[in-house]
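Chains as they are written, first to last, in the numbering used here: chain A, 1 to 274; chain B, 275 to 589.
For the record, the hints were derived by calculation from the structure and aren't laboratory data. Owing to the predicted nature of the structure, the values given are computational and were not obtained by experimental measurement. Ideal placement from N, C-alpha and C gives every residue a C-beta, glycine not left out.
Under the rule of at most 20 Å between Cα atoms (straight-line distance), these lysine-lysine pairs were calculated in the PhoX-like manner:
#1 K6/A - K397/B
#2 K192/A - K162/A
#3 K99/A - K162/A
#4 K166/A - K185/A
#5 K305/B - K166/A
#6 K99/A - K166/A
#7 K490/B - K502/B
#8 K263/A - K192/A
#9 K397/B - K3/A
#10 K394/B - K490/B
#11 K162/A - K185/A
#12 K490/B - K3/A
#13 K509/B - K583/B
#14 K3/A - K394/B
#15 K71/A - K222/A
#16 K305/B - K99/A
#17 K367/B - K455/B
#18 K6/A - K490/B
#19 K394/B - K6/A
#20 K166/A - K192/A
Restraint-style ranges between C-beta atoms, simulated for each label pair:
#21 Q159/A - A354/B: 40 to 46 Å
#22 L132/A - N480/B: 46 to 52 Å
#23 S11/A - M434/B: 14 to 20 Å
#24 N393/B - L66/A: 40 to 46 Å
#25 I28/A - N480/B: 33 to 39 Å
#26 V505/B - L43/A: 35 to 41 Å
#27 I78/A - K367/B: 40 to 46 Å
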Amino acid sequence: MSKFNKIFVYSVLIIASLVSVFPFLWMIVSATNKSSDVTQGRLLPGSHLFENVTNLLNTVELVPALMNSAKISIATTILAMLIASLAGYGFEIFQSRGKDIVFNILLLSMMIPFAALMVPLFRMFGDISGVLPMIGIDTLTAAVLPTVTTAFLIFFFRQNTKMFPKEILEAGRMDGLGELGIFFKIYVPTMKTTYAAAAIITFMASWNNYLWPLVVLQSPEKQTIPLLISNLGSSYSPDFGMIMTAIVIATLPTALIFFLMQKHFVAGMMGSVK
Amino acid sequence: MIPAKATENLSTEKTGKGRTEAKTMRNLKRKNAMVGWSFIAIASIMICVFYFYPMIQALLLSFQSGTGANLSFVGLENYARLFKDPTFLTTVKNTVIYLMVQVPAMILLAMFLSVLLNNKSLKYRGFFRTAIFLPAVTSLVAYSVIFKYLFAQDGIINQMLMKVSLIAEPIQWLTDPFWAKVTIILAITWRWTGYNMIFYLSALQNIDESIYEAAKIDGATPIQTFFKITVPMLKPIILFTSITSTIGTLQLFDEVMNITAGGPANATMTISQYIYNLSFKYTPDFGYAATVSYAIVIMIVIFSIIQFKVAGDKK
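Only chain A is shown next, with the shape it has when bound in the complex (with noise of 0.2 Å):
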């Protein structure tokens, strides 16, 4: 590179990477702030930390928030990881035509937006709450069932599945396991990687997720982490320091979970395009 080539390449990235984590820095900075330094423009720590932590526990439910988001998210993670896997497992090793026009119909479902299923989900549990109140609506059991199931984990194991070593399959067979035990006892522990990214992503989508626990969580204690943040986001006379606290408890899971776990994070994104 030429001298004047490294000051251009150097210095695009330094903009995008300070661009890319000053939202960051301002958040947790903010965290140890009180408001009235956060509007003031304060960009240096401060020790206010303690008192948005207590203000924030008196003020919101944080705490049973977090409960039902990690409610919500396990769940949804174990689950997910046992039926997309069972089903890509199944698709892969006693594939048939039949089978793929199947798999093909179930890919299709990954063009249906969310903002098209909800209307219709939210009347189907409806109808459910009369029979059922325990799956119905503003139940955790009923933020979770939807989500569940994609066809894009049943894809991405389907694929991480080709690469697996089918001659120990006989070799179970051989010694008499069945097919749940084959799968669960030979498949199972030689794909930990595959489970691992798999569930990263379920796990931080799950998280994350707003719009579905949105329509169908409606009494405040059923409220996920996404909801409170933005509730706490639309009030009218905002404590930006506290805020900022809520926000920063509610990344932490995530943020811990891409820096231990960023090989499997990537692998789970890229599983995408394989």
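Dock chain B against chain A, hints included.
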């Protein structure tokens, strides 16, 4: 295919047993087919129940009108209403503006950054890559609220722009119809550029170095190399990122809801948000909301076909 292999083994081991063997083979095949179907059963049922069945319901709903649960069949009236509904037309216009401005700008930016980052002699590559990707880790609601405050009239963006004398008066980022759209576009670009960049980076790493060396020997300028080699090699990724970004933009909801709430005067409202408002904010009209839903579905299908065609023709 495992079943074929299994039967092969059987036939080599047990040749000469004639008809009984053929029978067990058939049974085995049937059993294997059943096993295969049962593996895919739960997922297929779930997709049917939570995607296809609701879409059929939405189709039926789109021919009905009324408030709440009092619906009656009105034929194609809802579809006729679409073309006369100023709010719907505004939301389509807004969504198309986001699409035409934001998607190409972001994809070019992502490609540009990935080309810069792909330079092996670059120092701190890992740092730059992580920093630019970082926005993709945030939740849509969280970053939207942050952007709402950053771009407030007395927010830090206006303060900084005024400090460096780029502007004399604060820009009405959230309350002016033009600037509000700019804010939404800036926000989405911030959130998704790094995400898309990762796809380009991984594709660039798969391009053979020797092609570039050959181009250099032939005296190609960096710009020629970019348009004649890099862009054609990246075509599948360009197609992939533009389709996913298009579908994402057509579904845009979280950002608009939390940054501008669709305002000022519907200037930033998207189709998804309009469906939400029709169903849950205004007096609910589920029938008409379902009709608007089908408008998005049709737009997604049309845009995807166009993008496939455009990418296919240049071959």
